[in-house]
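Chemist: Protein sequence lines, in the order shown, are assigned to chains G and D.
Just so you know, numbering that gives the first Met the number 0 puts 15 at position 16 of the first sequence, and the rest follows in order with no gaps.
Just so you know, numbering that gives the first Met the number 0 puts 124 at position 125 of the second sequence, and the rest follows in order with no gaps.
Honestly, the hints are just simulated from the structure, not real lab data.
There are no misleading hints in this set.
Any copy will do: because identical chains look the same in the list, a pair fits if it lies in one copy or spans two.
Below 30 Å or equal to it, Euclidean Cα-Cα: the simulated DSS-like pairs (lysine-lysine) are: (1) Lys230 - Lys190; (2) Lys190 - Lys138; (3) Lys190 - Lys98; (4) Lys230 - Lys98; (5) Lys75 - Lys136; (6) Lys171 - Lys230; (7) Lys136 - Lys230; (8) Lys207 - Lys230.
Here are the chains, one letter per residue:
There are 2 protein chains.
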Amino acid sequence: MIRRGFLGAVRLGQHRVLPGVPQVLPRLSPTSAFGSSTDSLVSRFCLEKMDLKDYALPNASWCPDMLNLYQEFLEKTKTDGWIKLPSFKSNRDHIQGLKLPFGLAVASDKSDWRIFTRCIQEEGRGYEYVIFFHPTKKKSICLFQPGPYLEGPPGFAHGGSVAALMDETFSKTAYLAGEGLFTVSLNIRFKNLIPVGSVAVLNVDVEKIEDQKLYMSCIAQSRDQQTVYAKCSGVFLQLQLEEESSP
Amino acid sequence: MIRRGFLGAVRLGQHRVLPGVPQVLPRLSPTSAFGSSTDSLVSRFCLEKMDLKDYALPNASWCPDMLNLYQEFLEKTKTDGWIKLPSFKSNRDHIQGLKLPFGLAVASDKSDWRIFTRCIQEEGRGYEYVIFFHPTKKKSICLFQPGPYLEGPPGFAHGGSVAALMDETFSKTAYLAGEGLFTVSLNIRFKNLIPVGSVAVLNVDVEKIEDQKLYMSCIAQSRDQQTVYAKCSGVFLQLQLEEESSP
Chain G
0 MIRRGFLGAV RLGQHRVLPG VPQVLPRLSP TSAFGSSTDS LVSRFCLEKM DLKDYALPNA
60 SWCPDMLNLY QEFLEKTKTD GWIKLPSFKS NRDHIQGLKL PFGLAVASDK SDWRIFTRCI
120 QEEGRGYEYV IFFHPTKKKS ICLFQPGPYL EGPPGFAHGG SVAALMDETF SKTAYLAGEG
180 LFTVSLNIRF KNLIPVGSVA VLNVDVEKIE DQKLYMSCIA QSRDQQTVYA KCSGVFLQLQ
240 LEEESSP
Chain D
0 MIRRGFLGAV RLGQHRVLPG VPQVLPRLSP TSAFGSSTDS LVSRFCLEKM DLKDYALPNA
60 SWCPDMLNLY QEFLEKTKTD GWIKLPSFKS NRDHIQGLKL PFGLAVASDK SDWRIFTRCI
120 QEEGRGYEYV IFFHPTKKKS ICLFQPGPYL EGPPGFAHGG SVAALMDETF SKTAYLAGEG
180 LFTVSLNIRF KNLIPVGSVA VLNVDVEKIE DQKLYMSCIA QSRDQQTVYA KCSGVFLQLQ
240 LEEESSP
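If we strip away everything but chain G, and leave its shape as in the complex, we get:
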């Protein structure tokens, strides 16, 4: 069943009182609110959840460039501090045992919820991507191969599909680097179209964390770095997830 918004809207980026939700974003003290270390966030996030499919693994649709880059970064997970992030069907799986603060969480049900960037489950048709994160450098790399269901102009990825994956890569980076939970803003400049079936590499950096916000940048380019596809800056709001109490 789809819940029809009975929660009301959730206000972002402003600390004001919202009708129906007592105080969504109260003025939290950064020192008390954001105490979780990157290491502890990463270890919780990357726990092996054996019953869940990880969609960020190679499949038959991956082109040689995608496979080679994946192997290259997988090597770096052994020697250079990079971590391959698992990618489950829904954010509900990523935050198992945690809940959104201030009553935002929707009661779990049996519906088929999907995180937008995993909405298409047929291999190679939609989003193929994998994110690697570096906790010390607070950087991420996302390898992205758009399929034919992501089309905009004939033969090329829709600008919106690129924007959405930038938002998603920001989102995972922001959470792991500093409990960034919600997108406040995205500013994207498109430079070149990404051909469907090719590989784009998204480089994300956390530029600064200030006033409960994470400021990030992203550049999407071809594997050889000769073609810049798009540049983006994003701001995310910090908000701490709460431990779920036992039933």
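For this one, chain G is given, so just place chain D on it according to the hints.
Modeler: Just chain D now, with coordinates in the frame of chain G:
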């Protein structure tokens, strides 16, 4: 078959020579290049194509708010100059008989290409939306009901799904209002989360057309206009579609 980017990349927003594509965006004279009237663009775009499914029609998943708003705007198509835009599975269907200039078009094949915002075909699971366009006012309204495959935070639409639909609504508006073809930039500020299954109304205005670019704004809000979900500005590049020559 997915074409693997042999066309090379297509440079946007800059009039420079690109290797492999002689001159993607030459300095066109606006008077000679953009001679098609809004009326002629609209009549071509809205031609009844009986063999194609229009996805912008009510289905069993639409909630009462969505249905009521749809009916309201459908009435305005009879009296107030609004036009309901058809929405086909692929942009290839929208531009039948036309091709992208400068060799950008990919040869048609039998693959299942889908425009990103119609990537999920199960009713109610992904994007449900319909765009109404007003040629004289150069405005659009998009009614949007996000399904559970568009999730970001549990129970709410992914910021990227909202960004993508804003881009798509801009895209259709830009084309019909002034042959705007490619997104140059998107600046989005998110204010409140959109609950899955609820309705958001996107109001798009063309602010100005200058230097072969269309400048547009969008505000997404609840039906009662009491909640602003997001605001966005977008710039699109004008580029004229060419008539396909007979085989």
